[in-house]
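Peer 1: Here is what each chain is made of, one letter per residue.
There are 2 protein chains.
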Amino acid sequence: MYKDISFEEYSKEFVSQLAKGAFLNVKGKDSINTMTIGWGNIGVIWGKPILMVMVRYSRHTYNLMEEANEFTVSIPLNGQLKKELGFCGTKSGRDFDKFKECNLTAIAGKVIDTPIIDECDLHYECKVVYKQAMEPGLLDENINKNYYSNHDYHVIYYGEIVASYIKQS
Amino acid sequence: MYKDISFEEYSKEFVSQLAKGAFLNVKGKDSINTMTIGWGNIGVIWGKPILMVMVRYSRHTYNLMEEANEFTVSIPLNGQLKKELGFCGTKSGRDFDKFKECNLTAIAGKVIDTPIIDECDLHYECKVVYKQAMEPGLLDENINKNYYSNHDYHVIYYGEIVASYIKQS
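Chain order of the listed sequences is W and D. Letter 29 of the first sequence, counting from 1, is numbered 29 in my numbering, and no numbers are missing. Letter 35 of the second sequence, counting from 1, is numbered 35 in my numbering, and no numbers are missing.
Just to be clear, a hint being listed does not mean it is correct.
Chain copies aren't distinguished; within one or between two, either way the pair holds.
For lysine-lysine, the following DSS-like pairs were computed, each having C-alpha atoms within a straight-line distance of at most 25 Å [claimed, not checked]: (1) 110 to 167; (2) 48 to 131; (3) 20 to 100; (4) 48 to 145; (5) 167 to 3; (6) 145 to 131.
Since the hints were derived computationally from the structure, they do not count as laboratory data. Keep in mind that this is a model prediction, so the values were computed, not measured.
Using the sequences plus the hints, can you model the full thing?
Peer 2: Encoded structure:
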């Protein structure tokens with residue numbers, strides 16, 4: 001069903017799809033959750049394949065991420081799951097079981113304990129090797145004004161990609 | 001000679017080539033310099049195309065970067081410029097005019113003032129929109145031991161990609 005890929009093989013698809021939305025999946029002590037992300041980076045740091053994602057302090061995912069220290073990213077290609085991306089980007093896992101509400105299937109990751117979303121095509125499993133809260137004073141003024149007028153800054157998570165695979169058609 | 005590309009089009013080539021080396025070019029108040037990098041990320045953050053690079057405090061490039069607040073990355077494809085990447089990754093711009101020593105041609109960027117290296121194939125011009133010094137306490141212990149035993153940490157620069165282009169064959 002899934003074919004392993006080298007971490008960089010679908011970098012272009014990862015970067016292109018982000019603006020349309022991807023699912024960031026996390027498993028805390030007592031629950032799993034997914035949220036829609038539209039920002040992220042892929043590359044090589046410290047000699048390791050790295051996927052970078054960002055989570056605001058206010059998010060339920062932030063608490064789960066701090067418990068788990070690992071995450072997966074599941075990406076629909078070809079414009080699928082628009083409605084589900086919309087729901088998971090506006091509702092909180094504190095109020096909803098998003099998997100249930102959206103009929104999304106959480107299946108076990110190949111390497112880590114966090115699930116992936118089986119309705120998606122492209123998947124990355126990541127272990128956090130570095131994280132850092134943003135430092136507002138060092139940010140471009142316009143970006144600060146546009147995205148952080150409420151002071152709800154992001155924590156930046158650098159995940160080592162420990163598995164990457166794509167759905168076989 | 002050069003063809004404009006969408007910033008994400010060659011993401012895979014960017015990520016793949018990094019392990020073999022790319023040139024990070026900076027223009028300070030009084031001089032230009034280039035250094036070899038093997039790490040970096042590409043993606044979308046704050047709704048902008050972003051290239052992330054890292055520079056250690058000890059590097060001559062660090063001082064120039066703080067003056068310039070912009071940089072370019074020039075990437076040879078197909079295994080070219082190995083000798084030049086070796087030189088520019090081990091010698092300091094404090095001691096050498098690396099462009100002269102390596103016969104590398106610095107030509108003006110299309111959008112920003114920092115030059116690119118004309119012997120390379122793939123080029124990104126970037127304006128720094130965010131930067132942050134690494135926080136050692138939040139880093140994976142093995143990475144800390146392997147790369148920072150001398151406490152010479154990196155500053156992480158997030159550059160908005162304002163131009164990207166490739167040499168036409």
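Peer 1: Tell me the hint numbers this structure goes against, listed in increasing order.
Peer 2: none
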